[in-house]
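Number of protein chains: 2
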Amino acid sequence: MTPKLFPLVSADVALFSIGDGCLQVLLAQRGREPQKGFWALPGSVLNPDLDHSLEATARRALREKLSLDVPHLEQVKTFDGATRDPRGWSLSVLYCALLPRDQVQAVAVSRVEKVRWADADDFGDLAFDHAQLLQVARCALRERVKRHALPLHLLPHKFTLTQIQRVCEMVLRTGRQDDVQLDKGAFRRRFAHASDFVAVEGEFETGAQRPAQLYRIAAGFRF
Amino acid sequence: MTPKLFPLVSADVALFSIGDGCLQVLLAQRGREPQKGFWALPGSVLNPDLDHSLEATARRALREKLSLDVPHLEQVKTFDGATRDPRGWSLSVLYCALLPRDQVQAVAVSRVEKVRWADADDFGDLAFDHAQLLQVARCALRERVKRHALPLHLLPHKFTLTQIQRVCEMVLRTGRQDDVQLDKGAFRRRFAHASDFVAVEGEFETGAQRPAQLYRIAAGFRF
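First to last, the protein sequences are chains A and B. Numbered according to the working numbering, the first sequence spans residues 1 to 223. Numbered according to the working numbering, the second sequence spans residues 1 to 223.
Please note: incorrect hints may appear among the correct ones.
The list treats identical chains as interchangeable, and a pair is accepted whether it falls inside one copy or across any two copies.
[Stated by the list, open to error] Simulated pairs of lysine-lysine, BS3-like, Cα-Cα distance not exceeding 30 Å:
(1) 36 x 65
(2) 36 x 184
(3) 114 x 65
(4) 146 x 77
Since the hints were derived computationally from the structure, they do not count as laboratory data.
My request is simple: use the sequences and hints to build the entire structure.
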């Protein structure tokens, strides 16, 4: 039998996706005390019998609560202290995951928890210190894209260069009213030789514009 | 009375300084089992009665073991899992600190632990997974300086622009044999308007070269 955990150790996940034309984050409503009814980042308390690592705890939380597997979890930061949880000294390792739009449906049909997508720049009050956790994850994501990392896991399975640019713009904005517009030419020159994505041969998106080459994530890409 | 900790929660510190013309890291020899006699990063197990946060645990470890206060601790990453410590499921939050050369003496006289400075790019075997922790901290420090953060806390109380450049070169190298030489003109142009350090009015370093303006860290600088 596992002894009672002390301090309380958890893994929480800031799960981002694109919806309603903006960067969104998944929130789950707490089903029990403390702070029952509050919205929070999905997560779970470490179960040492089940979890060989805290990343495994995070993956188990997503699987059990949301029937969800994510391609890549990134550790963001650890939040800890004597007063952040009314149950006592606690510690939460925060992870970030990017979810392709195609998988949103999988989350919507979850019957285990009440979940909703919130605007990542306007999410209201959250349980515990989760508003702070989410802000730190949001900021870390923005900083990575500022340093030219491409958040390709936010994109559908096949995507155009214009879609990459739009998603980067959504991630780079610093608030709901912030309208970031990257220069198309500079953006394309910067990623002309990017090895993070590859063309899907012979596949194009057709519409009002001229046909646009479709791309997919390259093997080995993580972020 | 504090209940027995489970999982085992610790804070460990990668404490960097400049010595012998290279970036060095402070190692402490373990005085008790497990892995007694092995070199390790200084650190301590969380004491919930004493520590309001894990950063406080890290500061207490440096104070108690090394009679040392550091200006700024930076959280690097959390390492966790069922097998990294023979005592069972454990978790260590790794912090990084930069120590001005002036304070090295304070560490050298510590009577509590056997400590030594090791080359940060050639430190030998360490206890537990501490070699991995140290590599991650070393790499994070290099990446920050690559992104033009200045590791000013590695410098003495007053320093010249040439000293800043030399320290950046030491941090940027990727191994003992790697000889990084930054272009002096480009380096100075980049930091011409830096607000991280300020001139010490009327103070110059004099020697074989022409007198060089002395600078100090600006108020509010953290990294």
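Exercise for review: With 30 Å as the alpha-carbon cut-off, assign the pair residue 146 and residue 77 to within, between, both or neither.
Suggested key: Classified as both: same-chain Cα gap 19 Å, cross-chain 21 Å, threshold 30 Å.
Practice item. Classify it for me, residue 36 with residue 184: is the Cα-Cα distance of at most 30 Å met within a copy, between copies, both or neither? Key: neither (46 Å within a copy, 59 Å between copies)
**Study point:** Same-copy or cross-copy closeness of residue 36 to residue 65 [CA-CA at most 30 Å]
**Key:** within (16 Å within a copy, 43 Å between copies)
Check your understanding: 30 Å Cα cut-off: does residue 114 pair with residue 65 within a copy, between copies, both or neither?
Key -> within (9 Å within a copy, 49 Å between copies)
The structure does not agree with numbered hint 2 stated previously, though it agrees with all others.
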